[in-house]
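Participant: Below are the chains, spelled out letter by letter.
Number of protein chains: 4
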Amino acid sequence: MKYRVLIDANDEKGLVHKVSSVFFNYDLNILSNSEFVDKESNKFFMRSVVDGDVDKNELSNAIAEVLPKNSSVKVIEPKKKNIIIMATKELHALGDILVRHEAGELEANILGVVSNYDALEPFVSKFNIPYITVSHEGLERAEHETKIIEAINSFEDVDYIVLAKYMRILTPRFVEAFEDKIINIHHSFLPAFIGANPYKQAYDRGVKIIGATAHFVNNNLDEGPIIAQDTIHVNHAHSWRDMQKNGRDVEKVVLSRALKLALEDRIFIYANRTVIF
Amino acid sequence: MKYRVLIDANDEKGLVHKVSSVFFNYDLNILSNSEFVDKESNKFFMRSVVDGDVDKNELSNAIAEVLPKNSSVKVIEPKKKNIIIMATKELHALGDILVRHEAGELEANILGVVSNYDALEPFVSKFNIPYITVSHEGLERAEHETKIIEAINSFEDVDYIVLAKYMRILTPRFVEAFEDKIINIHHSFLPAFIGANPYKQAYDRGVKIIGATAHFVNNNLDEGPIIAQDTIHVNHAHSWRDMQKNGRDVEKVVLSRALKLALEDRIFIYANRTVIF
Amino acid sequence: MKYRVLIDANDEKGLVHKVSSVFFNYDLNILSNSEFVDKESNKFFMRSVVDGDVDKNELSNAIAEVLPKNSSVKVIEPKKKNIIIMATKELHALGDILVRHEAGELEANILGVVSNYDALEPFVSKFNIPYITVSHEGLERAEHETKIIEAINSFEDVDYIVLAKYMRILTPRFVEAFEDKIINIHHSFLPAFIGANPYKQAYDRGVKIIGATAHFVNNNLDEGPIIAQDTIHVNHAHSWRDMQKNGRDVEKVVLSRALKLALEDRIFIYANRTVIF
Amino acid sequence: MKYRVLIDANDEKGLVHKVSSVFFNYDLNILSNSEFVDKESNKFFMRSVVDGDVDKNELSNAIAEVLPKNSSVKVIEPKKKNIIIMATKELHALGDILVRHEAGELEANILGVVSNYDALEPFVSKFNIPYITVSHEGLERAEHETKIIEAINSFEDVDYIVLAKYMRILTPRFVEAFEDKIINIHHSFLPAFIGANPYKQAYDRGVKIIGATAHFVNNNLDEGPIIAQDTIHVNHAHSWRDMQKNGRDVEKVVLSRALKLALEDRIFIYANRTVIF
Chain B
1 MKYRVLIDAN
11 DEKGLVHKVS
21 SVFFNYDLNI
31 LSNSEFVDKE
41 SNKFFMRSVV
51 DGDVDKNELS
61 NAIAEVLPKN
71 SSVKVIEPKK
81 KNIIIMATKE
91 LHALGDILVR
101 HEAGELEANI
111 LGVVSNYDAL
121 EPFVSKFNIP
131 YITVSHEGLE
141 RAEHETKIIE
151 AINSFEDVDY
161 IVLAKYMRIL
171 TPRFVEAFED
181 KIINIHHSFL
191 PAFIGANPYK
201 QAYDRGVKII
211 GATAHFVNNN
221 LDEGPIIAQD
231 TIHVNHAHSW
241 RDMQKNGRDV
251 EKVVLSRALK
261 LALEDRIFIY
271 ANRTVIF
Chain W
1 MKYRVLIDAN
11 DEKGLVHKVS
21 SVFFNYDLNI
31 LSNSEFVDKE
41 SNKFFMRSVV
51 DGDVDKNELS
61 NAIAEVLPKN
71 SSVKVIEPKK
81 KNIIIMATKE
91 LHALGDILVR
101 HEAGELEANI
111 LGVVSNYDAL
121 EPFVSKFNIP
131 YITVSHEGLE
141 RAEHETKIIE
151 AINSFEDVDY
161 IVLAKYMRIL
171 TPRFVEAFED
181 KIINIHHSFL
191 PAFIGANPYK
201 QAYDRGVKII
211 GATAHFVNNN
221 LDEGPIIAQD
231 TIHVNHAHSW
241 RDMQKNGRDV
251 EKVVLSRALK
261 LALEDRIFIY
271 ANRTVIF
Chain S
1 MKYRVLIDAN
11 DEKGLVHKVS
21 SVFFNYDLNI
31 LSNSEFVDKE
41 SNKFFMRSVV
51 DGDVDKNELS
61 NAIAEVLPKN
71 SSVKVIEPKK
81 KNIIIMATKE
91 LHALGDILVR
101 HEAGELEANI
111 LGVVSNYDAL
121 EPFVSKFNIP
131 YITVSHEGLE
141 RAEHETKIIE
151 AINSFEDVDY
161 IVLAKYMRIL
171 TPRFVEAFED
181 KIINIHHSFL
191 PAFIGANPYK
201 QAYDRGVKII
211 GATAHFVNNN
221 LDEGPIIAQD
231 TIHVNHAHSW
241 RDMQKNGRDV
251 EKVVLSRALK
261 LALEDRIFIY
271 ANRTVIF
Chain G
1 MKYRVLIDAN
11 DEKGLVHKVS
21 SVFFNYDLNI
31 LSNSEFVDKE
41 SNKFFMRSVV
51 DGDVDKNELS
61 NAIAEVLPKN
71 SSVKVIEPKK
81 KNIIIMATKE
91 LHALGDILVR
101 HEAGELEANI
111 LGVVSNYDAL
121 EPFVSKFNIP
131 YITVSHEGLE
141 RAEHETKIIE
151 AINSFEDVDY
161 IVLAKYMRIL
171 TPRFVEAFED
181 KIINIHHSFL
191 PAFIGANPYK
201 QAYDRGVKII
211 GATAHFVNNN
221 LDEGPIIAQD
231 TIHVNHAHSW
241 RDMQKNGRDV
251 EKVVLSRALK
261 LALEDRIFIY
271 ANRTVIF
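Residue numbers (UniProt numbering), protein chains in the order written: chain B, 1 to 277; chain W, 1 to 277; chain S, 1 to 277; chain G, 1 to 277.
Only chain B is shown next, with the shape it has when bound in the complex (with noise of 0.2 angstroms):
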């Protein structure tokens, strides 16, 4: 059996020894294994991949019980997890992760996509997942919630909604409903360029370089931990629509590097920061 191990405690002499005691008592090999330890606050980090005979809930006992209190211990077997798209009405972003999806390359069911407008169904539908649209025409915000929330409620076990340029701003009602499970494309370089239209803010502003930043949404829109970025050269000659049809290009590879690293139990959230392996 093949376990993906994370490890979030305080920092303390001999954590490594103990933890990779607990892998050699149990006749573990120990496939990857990386470790960080952030001085400033004192905690330490771990994620092991290990492969041997042992019940996944008795390695998590065993290792727990080395570590010091309070510690977090995650044992996770590696399957497929449950995700939810969210868009509104851009393709590229949304397109990239189905294509993916298509070709082998995600560790993911989809369960769904959720939008606002129903302009990329006729998209969707060819790939056999089921679209729903949830017009924000005539609703307050907080009934337009409600309803998103209960379409995505419709579907079971959801690991992960990702925000695929979904233009609605969330409440904190519904991060606080899926905390460290949704995952936003914006289309700027954080923290540069908050808000509305930012390749016009951009332009504006006579930027020599755009980017994408993939985040967390745990609290107000733009502000979440940062799970990655990137950013492109642009020039003068570019109107800051060049800027956005240039920029999908690297919001579309940003978000779905984000997503399988995910999906792939690869990220740490802390202090509103992340911990990548």
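None of these hints come from the bench; they were simulated from the model.
Do not rely on the hints blindly, as some may be mistaken.
One copy or any two copies: either way a pair holds, since identical chains are not told apart in the list.
[Claimed, not checked] DSBU-like cross-link-like pairs, simulated, lysine-lysine; straight-line CA separation at most 30 angstroms:
1) K43 x K181
2) K69 x K18
3) K126 x K74
4) K200 x K126
On the provided structure of chain B, position chains W, S and G as indicated by the hints.
Facilitator: This is chains W, S and G only, laid out in the frame that chain B set:
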């Protein structure tokens, strides 16, 4: 004779034709030619390098005659420009410029280095470049700046002032005195992390990319027209001091790149943006 | 009427003037204009986008008249070009093109997909695009290629053939039949790792960067004029299969970028190189 | 006391456990820890930085005892390493190292510079670093190299020889005399453009990207284990001399990066590859 011709005009039909007619009539060879029209503001920019036997002023007047009123024409004979470098205590950006100068990479005479500390004097004196320390200790900002301006004005025909990690804020008085002549390197990807200690800010925000921005200083410190930017990837294992160390490599490369563009008369400033050929 | 004007001529004094005179005489508005002179070979390249009321052939003839003999002038009315995609078993590059097409990002009609396997048919058929399987099993290379050419010729007015990871070597006969029309993505940074399994070669050499190259196929498979290249960093922890997985993201982006350049008539082919405006 | 512990062993179950037990028994604090297992060859690599009160040799022996036979253990006290720089006529790479040294960025003493020309002596002498010119004029390659080796051997305890654009081919005799100690910067993205004038080769091939490669020289000049690589974009407007100029910025950054990794004992050499922590 080789000339760089820089034209900045309101756009109208036939400008390329009219300007190239002048070149043709003077039997000039066009070595390179770039144009850009900003549709939004109806502005036309052109930079040509021409070769031939013509008087500089005559050429300039002939071009001005075919352009709309209020156009700007510069006919520049390529030669070394005079620069002053300002720095505080960090060596990397200043050192990079001095080594490039030594290697003959820059079309520049370095008139002198002005600093608020004497920390870099031993290094600069190796290169037989005057070093003027203007300590800010015990001085009001205005008093200090008056002395800095005096130091700069002790040199003649200054074309550019390069802020190679000069860590003091400049007042509008200073900036206005050297309009379009001050090039600064800001140690972040502007407009993210404006202000003090951007690496600490970047670390706290948990970014996965850091950058540097070279820009003209025409107003507030971090808000002038951007000339060049670049970025590098960082990760959770980088403390803010690591980011600072790695960031220096980007800072020095971006500043030197911007300086070269300025020395080669490749930059138009316009609406707080730059057009770069 | 909007036209793209592409000129390829032996350089001589006054070409810009002469061509812009023609535009001026026809009262055309120049929307964008790029020139390049290759000093070494004395060649002049120009691409203009002009807007105005003129007959295409008349404009073409008027320009040809002012150019040296043996020059090439193309006046192109922007419209969707017809492309055929060839693939083998990998989905990522083909999928990226199909999604971009669906999103309206490409100035192209996709006439069909031709493959030596039926593996990608289920995917392609979702998009109502004809899929022709031409198995190479039991066939000599020449026989197989004859059938491939028949499949391609079953479509009309083919502008470009895009090899989206088509993993069979093409013979000179094929290549000559579609000169300057075949765009290939090679899964390495050419000219490194020419030939089979470049990721394995890259791994064996211990490189720290991998790349992809989009190029025209005018002769030997990996030796035509390069259109676009890009690279990503890898490290010791990447097996060659990891490199292959990560490399796919570069491959698809580079191929799509090259295809766009071709569709927008931005590429001149010359001396086994490309000039790209 | 702080130590860097470098382990290179055949992999077997429990190695992390066994080594961390030693650290634990000596009451050492693990400041950072990286491991990598190369499955294909069954090799285990580990680099730990530990802090505590223990004798260096005692620690080394204690670790060796728990490892399989034929393992390599190095316990290194961090201190400045002694380097010699070899150059020919180009200043940029050498200059970058000297400025970094001056800025305190390098854990190194620069013992001297050895060159086949005196061109760089005026620059190097500014820094009070010995400069030895060993002209190759009128000498057979073997004779010249004997003199170079004598010049190098006039310094004591040389840890690394840095070829900062030393443009002469080294013989196997030289290379064997300084195994795993010679770091070279090759002015191309290896293995593309091996041999003379890679920028000319790159230009002729019409590439859209150029690069630089820092590597150990253990055999043929361009074939040793790669430490670091980077690339930049170029276009049709770049002559090969422009590529050369722009390439210098990459060369110097990549060489300095590789040198730092070596000075910080972060590199394992293995099967003509490097593992870098």
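Participant: Indicate, hint by hint, whether the structure satisfies it.
Facilitator: Status of the hints after comparison with the structure:
| no. | hint | result |
| --- | --- | --- |
| 1 | K43 x K181 | within (22 angstroms within a copy, 38 angstroms between copies) |
| 2 | K69 x K18 | both (14 angstroms within a copy, 25 angstroms between copies) |
| 3 | K126 x K74 | neither (37 angstroms within a copy, 40 angstroms between copies) |
| 4 | K200 x K126 | neither (33 angstroms within a copy, 35 angstroms between copies) |
The structure is inconsistent with the numbered hints 3 and 4, although it conforms to all the rest.
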